[in-house]
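Trainee: Chains as they are written, first to last, in our numbering: chain Y, 1 to 293; chain P, 1 to 293.
Because the hints were derived from the structure by calculation, they are not lab data.
C-beta: ideal position from N, C-alpha, C; glycine also.
One or more of the hints may lead you astray.
Computed spacing ranges between beta-carbons, pair by pair [said to hold, decoys possible]:
| hint | chain 1 | residue 1 | chain 2 | residue 2 | range |
| --- | --- | --- | --- | --- | --- |
| 1 | Y | Leu224 | P | Ala96 | 30 to 38 Å |
| 2 | P | Arg211 | Y | Arg259 | 55 to 63 Å |
| 3 | P | Val131 | Y | Asp234 | 24 to 32 Å |
| 4 | P | Gly254 | Y | Arg147 | 45 to 53 Å |
| 5 | Y | Val58 | P | Gln262 | 55 to 63 Å |
| 6 | Y | Lys264 | P | Arg147 | 41 to 49 Å |
| 7 | P | Glu260 | Y | Gly54 | 50 to 58 Å |
| 8 | P | Ser225 | Y | Asp10 | 56 to 64 Å |
| 9 | Y | Ser217 | P | Arg147 | 39 to 47 Å |
Number of protein chains: 2
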Amino acid sequence: MKPLEGMGEDELIARLVRLVPTGQAEEGPGDDCAVMDDGGMNLVLLKTDALVEGVHFVRDADARRVGWKAVARVVSDFAAMGGTPERFLVTLALPASMTLDWVENFYRGMGTCFERYGAVLVGGETCRVPVGSAAVISIAATGRVERGNVVMRSGGNLGDAIWVTGVLGGSLAGKHLDFTPRLDQARWLVKHFKPTAMMDLSDGVARDLPRLAKASSCGFQLDLSAMPLCEGCDVKQALEDGEDFELLFTFPEGQGLEREWQQKFPALKLTKIGRLVKPGEGDELKGGWDHFR
Amino acid sequence: MKPLEGMGEDELIARLVRLVPTGQAEEGPGDDCAVMDDGGMNLVLLKTDALVEGVHFVRDADARRVGWKAVARVVSDFAAMGGTPERFLVTLALPASMTLDWVENFYRGMGTCFERYGAVLVGGETCRVPVGSAAVISIAATGRVERGNVVMRSGGNLGDAIWVTGVLGGSLAGKHLDFTPRLDQARWLVKHFKPTAMMDLSDGVARDLPRLAKASSCGFQLDLSAMPLCEGCDVKQALEDGEDFELLFTFPEGQGLEREWQQKFPALKLTKIGRLVKPGEGDELKGGWDHFR
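Hey, can you work out the whole structure from these sequences and the hints?
Mentor: Listed below in structure tokens is the structure:
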């Protein structure tokens, strides 16, 4: 029996989805959200995400910030599809040693994020895990996106520039609990310069860009010298740290995007970090890539 | 700091929902599903549920049966609202020692349940828990119910008879992994004899009936001698074992329900176990109640 250890999440999911009926989603599991078409003006977005104690947060982390992060991660996924979040369900699987204070502060943190991004909590579940087990927080949510504004990972075209918002790397220094999901920026983008493909950077450029490129049937060429670095970080950290929750998207150059971005969001960097190329052409870069891993 | 230990789930949820924006659901958290009105012909149902290793299943349990149970529990919740399940999201928080075989069989078990009840998987998430931690499986799902067919816990009326499907107790002997959610029966009920209030029995009559009665602003009077017992179980077990996943509902006597039920579902018992009374009147029974706890 093959143990899960050492198996990549992408490989695992690809094996598993063959075993169940997976419905009529425009894209199967693999994009930032599932996209459902009920025939209305808007498409329905569905997302589930989890935080594990000892992996995504530590017990003595400020519970309010953990609550913010739990919701903000999912808001970031809706943003990555060009959509907006709506309704949240939260499942808390907690050891009995967890304090009421912790849980209340976690809810307060969630509440701040709900209010900031116009979402609501509509249901939840609490249950106990055995003594010694890690707490697991699972968030599920629905969102929506106008039919014409939805952006998948798969729409990137040969020659498109690859763009990234903000600066990358250094999430573990604390940023990962306080990040701002780029919902406002994503909504502005889909309305004014519709990206051809988009996702949020949860696992780092090194893991996420290959996913976007593969979904778009392209390779990619990176300009490592252009990588926007978080203060104190090197290129390796910017590529691999993960939990940046910045937008990664593709859009052709020369259409005025940079100029209008700077006027609209002067405080947030927008950087061109490369371009989509033919699948074969990108291969050489993949070599340089592995070097960083 | 008050520890969670010893705090009831109902009390905890009541404290927590005050801390966040909770939206426009017809009923707040507390019913079997959240009910959302988007203005269409159908209401949208949302549900989240979790299974914890060592609590809801053991590691050496047949993974296919655990997968069935994970989905069937949620199907049962949609049934309890009078609705049908549609789209599922699954989050697996697993220790690295879990085998691929286990996870694949879990998915196969889910798939069997999806196919039986016309639902699909549209997304998922897998993540690791630290060594020694219990596996946590979190399921979120959407469903729907025709506007006229939705049944809440809160609609019970003074004098309504209290009904229960099937036989109760003995879940731990194995039934809890193989139960049949009463979706067909619930759909038939809402179309032909609309229950005034309904829920599914997940925590046992002893915990669930007081919830239904309270939501309906009633007390209840039980006929313990009428309790339909699973073979080998006594009344105490029937009241307290939980995980029966039978329907508990209220509906007036004398409208032909029993006769038509027997013709439609000859293999499944329908039993009148009591009636809704004034809040005060039920109090005496609550004493007898505590005796059973």
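Trainee: None of the hints should be skipped; say for each whether it holds.
Mentor: Verification of the hints:
1. At about 32 Å, the beta-carbon gap between Leu224 (chain Y) and Ala96 (chain P) stays in the expected band of 30 to 38 Å.
2. Arg211 (chain P) and Arg259 (chain Y) have their C-beta atoms about 59 Å apart, which keeps the hinted 55 to 63 Å range intact.
3. A beta carbon spacing of about 31 Å between Val131 (chain P) and Asp234 (chain Y) agrees with the range 24 to 32 Å that was offered as a hint.
4. At about 52 Å, the beta-carbon gap between Gly254 (chain P) and Arg147 (chain Y) stays in the expected band of 45 to 53 Å.
5. The hint said 55 to 63 Å for the Cβ distance between Val58 (chain Y) and Gln262 (chain P), and at roughly 58 Å that hint holds.
6. Between Lys264 (chain Y) and Arg147 (chain P) the Cβ separation comes to about 42 Å, which falls inside the hinted range of 41 to 49 Å.
7. Our hint of 50 to 58 Å for Glu260 (chain P) and Gly54 (chain Y) holds, since their Cβ atoms are close to 55 Å apart.
8. In this structure, Ser225 (chain P) and Asp10 (chain Y) meet the distance hint of 56 to 64 Å, their C-beta atoms being roughly 58 Å apart.
9. Take Ser217 (chain Y) and Arg147 (chain P): their Cβ atoms lie about 44 Å apart, and the range 39 to 47 Å holds.
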